[in-house]
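Let chain P serve as the given structure and place chain F on it in line with the hints.
Those sequence lines, one after another, are chains P and F.
Under our numbering, the final residue of the first sequence carries the number 264; numbering is consecutive throughout.
Under our numbering, the final residue of the second sequence carries the number 1347; numbering is consecutive throughout.
Each hint can be trusted.
Dumping the calculated SDA-like pairs for lysine to any residue here, alpha-carbon to alpha-carbon at most 25 Å:
#1 F:Lys1207 <-> P:Arg102
#2 F:Lys1061 <-> F:Met1051
#3 P:Lys134 <-> F:Pro1218
#4 P:Lys36 <-> P:Arg204
#5 F:Lys1207 <-> P:Gln108
#6 F:Lys1207 <-> P:Leu60
Bear in mind the hints are in silico, worked out from the structure with no lab data behind them.
Values in this document were obtained by computation on a predicted structure and should not be read as measured data.
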Amino acid sequence: MSEPTTGDAPMVEIAGLHKEFGHLHVLRGIDLVVPKGTVCVVLGPSGSGKSTVLRCVNELEDITAGRIRVDGELMGYREGTKGGKPALFRLGSREIARQRARIGMVFQRFNLFPHMTARQNVMEAQVQVLRRSKAEAGARADELLRRVGLSDRAEHYPAQLSGGQQQRVAIARALAMDPELMLFDEPTSALDPELVGEVLAVMRDLAQSGMTMIVVTHELGFAREVADQVVFMADGAVVERGTPAEVLDHPREARTQEFLSSVL
Amino acid sequence: MSDLAGQGRTASSGPASPSTGDPVPDRIHAVPVRHPGRWLSAVVVLVLAAMVVHALVTNDKFDWPTVGKYLFNEQVVRGVGWTLWLTVASMILGIVLAVLLAIMRRSDNPVMRSVSWVYIWFFRGTPIYTQLVFWGLISVLYPKISLGVPFGPEWFHFTTTELVTASRAAILGLGLNEAAYLAEIVRAGLQSVDRGQEEAARALGMKDSTILRRIVLPQAMRVIVPPTGNETISMLKTTSLVLAVPFTLDLQFATNAIASRTFQPIPLLVVAAIWYLAITSVLMVGQHYLERYYGRGFDEHHRGGRRGGPGGRTTRQEAIAEAGTTPDIAVFDDMGRPHAGGAGGAR
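This is chain P alone, in the form it adopts within the complex (with noise of 0.2 Å):
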């Protein structure tokens, strides 16, 4: 269980999963392994479902079907037995509250809160969930600002910042978590072409670092060159998965073909 942050120990097991958004099944059985200290890469169109797979991985969604896994810890549920059968027990707000603070994640609409500064974003969930003091969050908050590249925009609020910049705080936001993994959902597709350059940079940074990072986006230049795991997904489901270099170069599905000829 506490290997170092090395080797092929899977951070994120997803086996199986399905997901009903009512009658639309949205998930039609996901399986994807992201072993530690790696970055996966979620391409697709849009509507295949990507953001799901994120959102499930977080619990902002109740799964349909099927078990994830964070570093060996099932999310959501307790396996248990009733009445002699194994059963699964649906845990409860606080514990589900404190899966979620293991895992960072990264929003397309950023989801800065307007009311605080960057600098007070990015304390907040550190005062309030990791009950670290304020001297303490404030000075991780400058140290992650800073390597953000955000130190001179600490006491602005996101009103005042520009895309690129908000992502970056929501980004730092993030990592004062001192999250295992972190999952980014589109994190530059409400950016300005110009302004997306900034916000993959930090990201890059960051997986260089060895952080376990999922990120789901339409930025090939950034699968290609970061990337360890590379999949494409269509209609719910996995269509290819592969390097880099074999799904982007050397497609074997038509469908994974069709996309990246329309993308570029």
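Same frame as chain P, but now just chain F:
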């Protein structure tokens, strides 16, 4: 870790034109559009205002000396005090209850949701006057109030007349009624907060109560404060209904009592009106500051005034330019477009 700030060129603000000191060549100094309508309306309004003042001053039925005599009369000033206390106390009771009701209304627990719905249905659906009469009569309905298990043993009991005095009955009546209206305002405020906020907070591992207290409610306040200010000002004048309890120390009752004693109803109505206007004005100032506080981060021209952050009026566009991550401005310079006479030479 690499530092990403300032990787681009800083946006130069462009050197000034040597002759005029103005970086913009041929700045437009146009003749403004004339607004004769404004002048005309100003004249009309002035005339009307003069007529009103004339009508007020020359009509001796207003009896201004009497107004002056009673404006700071002890009974009147005490009435002002009671009216203020009733307003503040019933609004505090109303706001606390309203937040609870609004939270119950959006709870997952169906029992809580129903309780909130029934409360709002009842207290909004019956007249405030009736409710005040009811609270006045509570000691007749229930001479003794006891705390214990229903149909079982009882632990404490109070005599209702001692517990529910006239002023407490008034505050209860006004506050419980107000809560029903405010609950809907709070609910609208909570709904106005983007769902992504709650999601981001949950993704950070916050508990529901923390999310409400630290993330959702502070943002909802921006929407809640203006109509609540409205309700407070409305409450100020609704307090005159406490006569129904009966509670007889508020401003309206005090001026009425003097008026019927001295047979001078009009000047004393004016006294009451002046006081209500004065209090309303003070409340409006308070509301302005509350709105500014809860608007922090939303109106980017006002800094929240916390910890005196950097420079006063940074706009988003300036922030983008200062960050130097956008190539636009630099490209503009590199292309050497003829702007700001002599800009090129200054480099």
